[in-house]
Amino acid sequence: MADEKPTIKVNIVAADHPVWHGTAYSVNIPASAGQMGILPDHEPVLTLIDHGDVRAESTSGHTHRFTVSDGFAAFDSNTLTIAVDKSSEDEEYVDADADAGKTETTN
Amino acid sequence: MASQLAYKSRIASTQSLSKIFNAQEMIASSHIAKARNLALGAKPYSDAIQDALAALVAHTKLDHPLVKKKEKTPNPHVAVLAVTSDRGMAGPYTSNVLRETENLLKRLDEANKIPELYVYGRRGVNYYKYRSRDIKATWEGHTDEPSVRVAEEIASTLLNAYMAPGENGGVSELYLVYTEFINMVSQKVRILRMLPVEVVNKEIDMATATAKEQAEAEKEFTAPLYSFEPSAEEVLDKVLPKYVQSRIHECLLTAAASETASRQNAMHTATENADKLLDELTRKLNQTRQGAITQELTEIIASADALNTTEE
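Top line first, the protein sequences correspond to chains A and B. Be aware that the first sequence starts at 1, since it is given in my numbering, and climbs by one per residue. Be aware that the second sequence starts at 1, since it is given in my numbering, and climbs by one per residue.
Hints were generated in silico from the structure; no laboratory data involved. One or more of the hints may lead you astray.
What the hints assert, rightly or not - Just a few of them, taken from the derived set where beta-carbon distance is under 10 Å, the chain A residues facing chain B:
1. V13
2. A14
3. A15
4. M36
5. P44
6. I82
Stated by the list, open to error - Quick list of in silico lysine to aspartate or glutamate cross-link-like pairs, DMTMM-like style, CA-CA up to 20 Å:
7. A:K86 <-> B:D47
8. B:K43 <-> A:D16
9. B:K43 <-> A:D85
10. B:K43 <-> A:D70
11. A:K86 <-> B:E152
12. B:K34 <-> A:D16
13. A:K5 <-> A:D41
14. A:K9 <-> B:D47
15. B:K238 <-> A:D70
Stated by the list, open to error - Output of the computed footprint for chain A on chain B, the stretches with three or more beta carbons under 8 Å from beta carbons of chain A:
16. 33 to 46
17. 49 to 60
18. 232 to 239
Positions of the beta carbon are idealized from the N, C-alpha and C atoms, including for glycine.
Make a model of the complete structure from these sequences and hints.
And the structure:
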């Protein structure tokens, strides 16, 4: 375990159903003060989310993208909980490598 | 003794009733799973909100109007939301809620408060309209599947009423009368004081958990030292109304499950009763038919006897 890359447990829930949970190397969340990148061992933080895209680089090598609005994200001891009013996973999930090029088109 | 024709028509109508009850029962039992899934689907969200709130409570001074309303003069107006059903055939479901609501209204009256009524569900609305009671707002047509949107609508209406100052028709408290789903055979009507939000504590909020589970959860849960962004106050400002909304949604969901369970039970009993009635009616029909046959026979024999005696 020690030489493996540290990961984050991610749990995304909408008001009426759980959306996604899994492990990720890093997660980008649209915090109220601007985009916030969360890496493992980030300090515990609880931040509001207005509207935007959550991007999670999952351990399976995929980048998951979710459109979320109105909620909050809580991060503590490598567990990230994102609770929002509405959320949907964007249909395609993109390979981590091809991600940079596709960011423009999907937004 | 009624005629055979009368029995036959009663049997036919009881049979069709029994079919309806049976169908209703089956529909209700198929809805139960759906209602339960809906309730389970909303659980992670309300858990997340409760955790966040518990963390906020641990690290900030809870000085929010939703927790403690500041007013110059005490405001006697209070809001009561009765959660009833849209459709009947659910046994005592709605009448139990309405009875508890009436009791609550009476108690509030005695405490010199002025209750204002909010009703959810068509049956409840009809009940109060028939009695020409003043209803502040109603919601109809959602009791089968209470969506987040309805919960949001109700929460925002009630929060607006609560946040308004007393002079402008605001209320100082909010009570919820709803039916808690305990299991398939028992549902309990509960009265919940939703606003102002009471000591926000995880164990208190887990109304459904047993005492032991609550104690365990309490031990496990220690609020992490979060840094709040943008600020603790702003987060609290945003999370508290969401908490209220999620609690209301939770109540609506458990009420929906109770309604379905109650309907299933009621329809099951109704089907059984109809079948019992059918047995009884069939027996009576056979009795009358037998009686008629016996009478006919006696008449024939008697007339044959009479004919024989005249020939001799």
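Verification of the supplied hints:
Against a cut-off of 10 Å between C-beta atoms, the interface hint on V13 of chain A holds, since the closest Cβ of chain B lies about 4 Å away. The restraint placing A14 of chain A at the interface with chain B holds, with a minimum CB-CB distance near 7 Å, inside the 10 Å limit. The beta carbon of A15 of chain A is positioned within 10 Å of a beta carbon in chain B (closest approach about 4 Å), and the interface hint is therefore held. Interface hint status for M36 of chain A: upheld, as the beta-carbon distance to the closest one in chain B is roughly 8 Å, under 10 Å.
Nearest Cβ of chain B to the Cβ of P44 of chain A: about 4 Å, under the 10 Å cut. The hint holds. The interface hint given for I82 of chain A is met, as the beta carbon of that residue sits about 8 Å from the closest beta carbon of chain B, less than 10 Å. Of the supplied pair hints, the one linking K86 of chain A and D47 of chain B holds, its CA atoms being roughly 16 Å apart against a limit of 20 Å. Taking the CA atoms of K43 of chain B and D16 of chain A, the gap is about 8 Å. The hint holds against a cut of 20 Å.
Of the supplied pair hints, the one linking K43 of chain B and D85 of chain A holds, its CA atoms being roughly 13 Å apart against a limit of 20 Å. Simply put, K43 of chain B and D70 of chain A have alpha-carbon atoms about 18 Å apart, close enough for the 20 Å limit, and the pair holds. For the hint pairing K86 of chain A with E152 of chain B, the CA-to-CA distance comes to about 12 Å; that is within 20 Å, so the pair holds. Taking the CA atoms of K34 of chain B and D16 of chain A, the gap is near 13 Å; set against the 20 Å cutoff, the hint holds.
The hinted pair formed by K5 of chain A and D41 of chain A meets the criterion: a straight-line CA distance of about 12 Å does not exceed 20 Å. Simply put, K9 of chain A and D47 of chain B have alpha-carbon atoms about 16 Å apart, close enough for the 20 Å limit, and the pair holds. With a CA separation close to 9 Å, the supplied pair K238 of chain B and D70 of chain A stays within the 20 Å bound. Judged by the Cβ-Cβ criterion of 8 Å, the stretch 33 to 46 of chain B is covered by chain A as claimed, because 5 of its residues qualify and three suffice.
Closer than 8 Å: that is the beta-carbon criterion, and the stretch 49 to 60 of chain B has 5 residues meeting it against chain A, so the requirement of 3 holds. Remark: the stretch 232 to 239 of chain B is confirmed as covered by chain A, as 4 of its residues place a Cβ nearer than 8 Å to a Cβ of that chain, reaching the required three.
In this structure, every one of the numbered hints holds.
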